[in-house]
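Colleague: So the protein lines, in turn, are chains A and B.
Position 8, counted from 1, in the first sequence is what the working numbering calls 8; the numbers after and before it change by one each time, with no gaps.
Position 95, counted from 1, in the second sequence is what the working numbering calls 95; the numbers after and before it change by one each time, with no gaps.
Any given hint might turn out to be false.
Straight-line alpha carbon distances no greater than 27 Å define the calculated DSS-like cross-link-like pairs of lysine-lysine that follow [as the list claims (entries may be wrong)]:
id : chain 1 : residue 1 : chain 2 : residue 2
1  : A       : Lys70     : A       : Lys57
2  : A       : Lys57     : B       : Lys1
3  : B       : Lys57     : A       : Lys70
4  : A       : Lys71     : B       : Lys102
Simulated from the structure, these hints should not be mistaken for lab results.
What follows is each chain in one-letter form.
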Amino acid sequence: DGGITQSPKYLFRKEGQNVTLSCEQNLNHDAMYWYRQDPGQGLRLIYYSQIVNDFQKGDIAEGYSVSREKKESFPLTVTSAQKNPTAFYLCASSILIGTSNQPQHFGDGTRLSIL
Amino acid sequence: KNQVEQSPQSLIILEGKNCTLQCNYTVSPFSNLRWYKQDTGRGPVSLTIMTFSENTKSNGRYTATLDADTKQSSLHITASQLSDSASYICVVQGGRGTSYGKLTFGQGTILTVHP
Chain A
1 DGGITQSPKY LFRKEGQNVT LSCEQNLNHD AMYWYRQDPG QGLRLIYYSQ
51 IVNDFQKGDI AEGYSVSREK KESFPLTVTS AQKNPTAFYL CASSILIGTS
101 NQPQHFGDGT RLSIL
Chain B
1 KNQVEQSPQS LIILEGKNCT LQCNYTVSPF SNLRWYKQDT GRGPVSLTIM
51 TFSENTKSNG RYTATLDADT KQSSLHITAS QLSDSASYIC VVQGGRGTSY
101 GKLTFGQGTI LTVHP
């Protein structure tokens, strides 16, 4: 089945530690996205990528970094500079950015907590 | 500021009953409006996508309506089932211009269906 796989499902971070969240898709989508979801708030865009080796900051990129070395993979690193990292992180993909009538497909998320 | 506001924040209904969720938006220019269903601990799943020229779209027991003039949408759920218990998220995609392609997410309505 085609889809998006995020791992791990749960992740704990110690003070001063960088952690990396994995996102892999086999939908052959060009665009990939990372969102952060906090209780009672709408999803907020962290980073997005339209093509391999290219990515753009979203609305809340500070304290995060990404890479896009392969079309299928878009890992997110939560660095120690992100002072409030506890949240539910969602990865998504779509055919093209800005394409009307094409939904974003989401993974099942990674829940990150502070130890 | 482009915003998407959903109401109510939460709703409890009995199995078999109908319900309607509301979404008001200020995103302009507008490209399309989407409704997603998000089960607890899972990623959102697309229910409907409507462009400005569409005023109703159905997906099984889910019917979405759109009034682009008043910038309002609703999601009607018919004959609710226990599996409908979830968060329902309204998402608006911006049209050509500075917000082109950008998705603005509502905070979601949490629906609980009781037997």
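Colleague: Could you run down the list of hints and mark each one as holding or not?
Modeller: Status of each hint after checking the structure:
no.: 1; hint: A:Lys70 with A:Lys57; in the structure: 18 Å, holds
no.: 2; hint: A:Lys57 with B:Lys1; in the structure: 19 Å, holds
no.: 3; hint: B:Lys57 with A:Lys70; in the structure: 36 Å, violated
no.: 4; hint: A:Lys71 with B:Lys102; in the structure: 21 Å, holds
Hint compliance for this structure: hint 3 alone is broken.
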